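Chains as they are written, first to last, in numbering that gives the first Met the number 0: chain Z, 0 to 272; chain P, 0 to 348.
For the record, the hints were derived by calculation from the structure and aren't laboratory data.
Treat the hints with care, as some may be off.
Here's a subset of chain P near chain Z, in silico, CB distances under 10 Å, partners left out [to be verified]:
| hint | residue |
| --- | --- |
| 1 | 26 |
| 2 | 56 |
| 3 | 77 |
| 4 | 80 |
| 5 | 85 |
| 6 | 91 |
| 7 | 201 |
| 8 | 202 |
| 9 | 205 |
| 10 | 206 |
All figures in this text were calculated on a predicted structure; none of them were measured in a lab.
The beta-carbon is built from N, C-alpha and C at its ideal position, and this holds for glycine as well.
Residues per chain, in single letters:
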Amino acid sequence: MSAAMDRRPAAFWLQLAFTLFVCAFLIVPVGLSIMAGVTRDMFIGIGSGVTLQWLVKVWTDYRQTVFLSIQIAMACLALTLLLGVPAAYVLARRQNAFTRAVEELLVMPVAVPGLATALALIVTYGGWGDFRRSWVFILVGHVLFTLPFMVRSVLAVLTSIDLRTLEEGARSLGANFVQRFFGIVLPNCRGGILAGSLMVVTLSLGEFNMTLLLHTPLTQTLPVGLADTYASLRLEVGSAYTLIFFIIIIPLLVAMQWAAAPPRRRKPVEETL
Amino acid sequence: MSGTAIRLERCSKTFADGTRALDPVDLDFAGGETVVLLGPSGCGKTTTLRIVAGLEWPDAGGRVLFDGVDVTTVPIERRNVGMVFQSYALFPNMTVEENVAYGLRVRGMPADERNRRAREMLEMMQIAPLAARSIDQLSGGQRQRVALARALAPRPRVLLLDEPLTALDARLRDTLRVEINRLLRGLGITTVYVTHDQAEAMALGDRIVVMDHGRVAQIGTPRQIYEVPSTRYVAEFIGTMNVVGGEIRGGALHFPGGRLPLRDAAATGSREAMFRPEDLALAADDGSAQFSGEVLASLFQGDHTRLEIDVGAARPIVARIAERRDFVAGERLHFKLSTPAIPAPVQST
């Protein structure tokens with residue numbers, strides 16, 4: 000056996016080391032966290048028994064944060080679709096210095112730290128009491144942060160197809176703007192819209208930086224609640240909370256991979272005509 | 000179908016950045032006629048087509064008329080034109096049949112009627128078995144047929160084709176050229192066809208409009224354009240033209256290698272004559288020869304031999320000789336013209 004191991008190339012050991020490294024920092028902590036969420040007493044370890052009591056506790060005390068997070072994510076998706084898709088269309092159709100500048104500016108909320116954006120929002124609109132206290136205040140922050148992802152994702156697809164000629168083709172066949180936009184433009188950037196949507200929902204669900212400042216005790220979102228439990232309650236409760244977050248987010252991540260996969264290439268038929 | 004007559008009146012096009020794509024042109028296309036706009040890229044042929052289509056507006060003062068009715072401000076959506084693009088512009092989100100039926104659907108034609116019409120078009124283009132395919136499952140030639148079927152389905156008044164065969168390989172291009180020709184003759188629809196390929200233009204056009212730098216260089220039947228080009232540019236863009244300089248007297252051009260009989264004896268100040276390589280015939284050295292020269296190069300092409308001959312003119316001439324024999328460089332040959340040469344237009348035109 001040791002002879003067989005000696006023959007392995009150095010690359011094998013490098014790859015093995017890398018894999019273990021990834022495991023140590025990505026998979027093991029996640030696994031331990033999940034385990035902690037269902038362990039009776041983490042101080043003793045998994046030997047103390049497995050329980051769903053922490054999950055029940057989190058669900059009882061914090062389910063409002065889960066619902067609010069989903070509500071904000073859906074509203075955020077609706078707004079980024081309404082704002083982002085037409086914006087991407089205009090940016091794709093009119094390539095000039097102005098639209099390029101707009102494209103750059105749209106990315107600003109991603110580049111600027113979330114805390115700074117949130118502070119700016121509070122400084123500007125903090126005095127509008129009802130608005131400040133409502134969940135819509137958080138929504139504004141989330142839309143600012145996620146919009147560029149929607150625009151970029153749709154824009155990437157729109158610039159990869161010959162949109163102008165497709166539209167000219169539709170026009171020559173008598174299609175008006177509405178018919179073209181819904182019959183030609185939207186169906187042909189479906190992949191980009193789908194990928195962008197999943198990205199927006201995922202980012203909104205997990206957003207913490209801005210939300211920490213934008214929320215009020217009555218508008219706690221899931222990540223903020225999570226921070227709250229880790230800071231003030233037992234480790235097991237925080238871990239159970241994380242587990243709930245995983246249950247929501249993992250199907251979304253899988254769907255995102257699936258949507259972002261390139262369409263199945265069908266082999267063109269032989270030239271017979 | 001009698002076909003819609005198209006008329007362009009003083010149509011010019013200047014783009015926003017100040018580029019002049021088209022100088023004011025007047026063009027008349029008779030109903031049912033196939034007119035080919037021919038020229039190199041940047042000559043204004045596509046801009047002209049797009050003005051006819053309604054995808055571009057002519058500069059102020061220009062007018063587009065369909066059967067005498069001013070349609071200058073009518074957008075393409077309501078001009079009822081069929082258009083085939085170089086890239087085909089087929090909709091990837093639809094099947095072949097849905098593509099063909101699209102123009103009927105946006106006009107609100109009932110489903111069963113438009114399906115029948117789409118089927119009819121697919122039959123006509125011999126692609127009925129492909130009806131349910133998606134666009135990315137089609138070959139280039141099949142896409143071309145779908146594009147034609149889609150453009151023709153709504154029974155447009157005019158058919159506009161923008162370099163429709165350029166994206167295809169040479170053999171397929173020949174096949175489709177013959178087919179498009181038969182199709183256009185059969186339909187009798189007014190057709191404007193843009194190409195940079197002179198062979199395509201010759202084969203398809205009832206008339207050819209040769210364009211150069213945003214101007215019309217010549218309008219005529221393919222035969223007129225080929226045999227009596229009105230400018231040096233036209234002569235050299237279409238096929239190969241030999242130009243020989245000398246002195247014109249007595250109905251012939253005299254030059255060091257001999258003389259060239261001229262078709263139009265009353266030449267107008269020209270000091271040059273033009274003739275095509277295939278107008279040359281070998282002659283015996285017995286006085287029937289009109290001129291002679293020395294073989295510089297010989298290229299056997301199967302059905303003919305292409306010779307480069309030094310006849311003592313400024314440039315060597317090209318001869319296309321069908322005779323079945325070999326030629327060697329340095330050999331002295333004697334020629335006569337089977338068709339008289341024409342005086343070359345003065346260079347400045």
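These are the hints, each one checked on the structure:
1. 26: 20 Å, violated
2. 56: 14 Å, violated
3. 77: 7 Å, holds
4. 80: Hint holds; residue 80 of chain P Cβ to chain Z Cβ min 6 Å, cut 10 Å.
5. 85: This interface hint holds because 9 Å falls under the 10 Å limit.
6. 91: Given a least distance of 6 Å, the restraint on residue 91 of chain P holds.
7. 201: Because about 24 Å separates residue 201 of chain P from the closest Cβ in chain Z, which is outside the 10 Å limit, the hint is violated.
8. 202: 19 Å, violated
9. 205: Hint on residue 205 of chain P: violated, closest Cβ of chain Z at ~23 Å, above 10 Å.
10. 206: 23 Å, violated
In the structure shown, a violation is registered for the earlier hints numbered 1, 2, 7, 8, 9 and 10, in ascending order.
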